[in-house]
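A.B. asks: What follows is the residue order along each chain.
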Amino acid sequence: MMNSLVQAILLGGYYALVACGLAFMFQVMRIINLAHGSLAILSAYLVWEITDALALSPFVSVLMILPIMAIIGLLLQRVILERATKGGELLPVLTTFGLAIVIDNLLFQQFGANTRSLSPYLGDLSWESYEIFGLWIGKLPVIVLITAIVVIGGLDLILRFTPLGRQIRATAFDPDTAGLVGIDARKIAGISAAIAMMTVAISGTALGLRGTFDAYAGGPQLLFAFEATIIGGASSLWGVFLGGIILAIAQSIGALIHPQGFLLGGHFMFLIFLFARIYFNRDVFTLKHWFAKRNKGEITA
Amino acid sequence: MLSVSNLDVRYGQFRAVQGVSMEIAKGDVVSLIGANGAGKSTLLRAIAGALPIHSGRLLFKQQEITNTSSSSRVQQGLSLVPEGRRLFSDMTVEENLLLGSTVKRSGDWNIERIFSTFPNLVKRRHAKTGNLSGGEQQATAIGRALMSNPDFLILDEVSLGLSPLVVNQVYDSMESLKDAGTTILLVEQDLERAMRFSKRTICMLEGRVVLDKLTSDTNKEEITQAYFGLHQSSKQEVS
Ligand SMILES: Nc1ncnc2c1ncn2[C@@H]1O[C@H](COP(=O)(O)OP(=O)(O)O)[C@@H](O)[C@H]1O
Ligand SMILES: [Mg+2]
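Going down the list, the sequences are from chains A and B.
Residues 1 to 301 in our numbering are what the first sequence spells out, letter by letter.
Residues 302 to 540 in our numbering are what the second sequence spells out, letter by letter.
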């Protein structure tokens, strides 16, 4: 029981990592990028190629593909999303859906149906564990969880305390007025897409390190990212972090109830949160809601 | 400094601003008068780049800006304090002001000078602007625009919703801008105040300019007539 919970939290770290880019792009640019999962798989293949060709550690390869994915993000914004958003709300969804199919098929053509993994390049680290209170905890999942905390924490700090973060928040809040104070909305959108794609690169690598992937693995990653984002509430990145963990816990509870219940448990939790968000006050589930309440209580007290 | 020629701005089919032309020279202080819905805000937003221009031309410092982005206009020294303040309400006063200096233009304005110009903001420096009083919000909105060190400042109904006392404070602080030679175009509902503050008055009616005179060459009666559209009808009666 305790073991399942710990494993679920570690898996939740991965979900948070794959979700944070999707949520970031939605928050800042109001775009749901349906190619998110496929781009993560693209990154996983890139890391695999570099690791294999140059005999590097995957941890070094991922640093090399960060700038590549950043440029892909910038191009994605300039070539596709910028035009698509001019055509209304639905067009970006359709174009990114099309992009996902194109990426999946190109990856299949290039790499075939075999599954790949990055774990063979890790040596002992792929199976090493910590023993804590009689529980065996894999080092790798812990590294992924810590990475999720560092990435989300880093993004949060950038958003809060840097001029760039301020400009991103202002653009997300009111793009017209952001322009009037001198913020170049185009530049901000490009940078935001680049940042989101860097998190995608990291999450794709995490997937390859934790297990296996193939050309069509993008769909499930998108689904997990989407479920974690909705459960956590797209408005805050730490909420998305919690969403990832809640999703993973629901999945393990599903698996405890029935051997095939893993995914169903997650979907069920996702639906509960989705309906609750639709039918109740939209931010009942956000930290802000509760903290704001408490602050008000303090003031009146 | 700003040359507007034959400007047309539309919301769909509706022509909110039609055939507007005006020249504003360096150091001018102009007030734009007109009833609700006359198209003043539409004109100002189009000048600042927040609305697309349907036809006509806009020159700023002899450069064509008709189709440039609002941020590039700020970069060139044109800044708008929008109607209703439009602050980033989940950010603090300081953050809002810092956003105003996104474009790096040189000049005298910096955050400390804003706080000494608007002393009511000092104790609110780290408060979210959503929780401020109307006067504090307006001061923040003006301060944010000043942080870009504009050569040309446009203010849309800065006294809306403020108590007379606070309006006085706001105008007092704007006097110093005038003295510093900043070119100002402002919309003000209080006609007397507008006439006292500005050297020139432009009156709009139903999307068109119906009067454009030095304030010293006109009077309250003439402006009021133009405001209500009595100007033309009286002319028609004469002819
Ligand atoms: N966003 C909008 N969409 C459609 N019509 C608008 C919009 N904003 C203003 N209008 C219309 O344009 C006209 C001019 O409005 P506005 O420029 O706000 O006038 P003013 O600032 O002089 O009160 C009004 O008739 C108003 O109803
Ligand atoms: Mg108006």
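Worth double-checking, as some hints may not be accurate.
Only pairs whose alpha carbons sit at most 35 Å apart, straight line, appear in this in silico DSBU-like list of lysine-lysine [as the list claims (entries may be wrong)]:
{"no.": "1", "chain 1": "A", "residue 1": "Lys187", "chain 2": "B", "residue 2": "Lys405"}
{"no.": "2", "chain 1": "B", "residue 1": "Lys521", "chain 2": "A", "residue 2": "Lys187"}
{"no.": "3", "chain 1": "B", "residue 1": "Lys429", "chain 2": "A", "residue 2": "Lys86"}
{"no.": "4", "chain 1": "A", "residue 1": "Lys86", "chain 2": "B", "residue 2": "Lys424"}
{"no.": "5", "chain 1": "A", "residue 1": "Lys86", "chain 2": "B", "residue 2": "Lys405"}
{"no.": "6", "chain 1": "B", "residue 1": "Lys479", "chain 2": "B", "residue 2": "Lys327"}
{"no.": "7", "chain 1": "A", "residue 1": "Lys187", "chain 2": "B", "residue 2": "Lys500"}
{"no.": "8", "chain 1": "B", "residue 1": "Lys514", "chain 2": "A", "residue 2": "Lys187"}
Just so you know, the hints here were simulated from the structure itself, not pulled from any lab data.
In this text, all values refer to a predicted model and were calculated from it rather than measured experimentally.
A.B. asks: Hint by hint, which ones does the structure fall short of?
C.D. replies: Per hint list: 2, 4, 7 and 8 violated.
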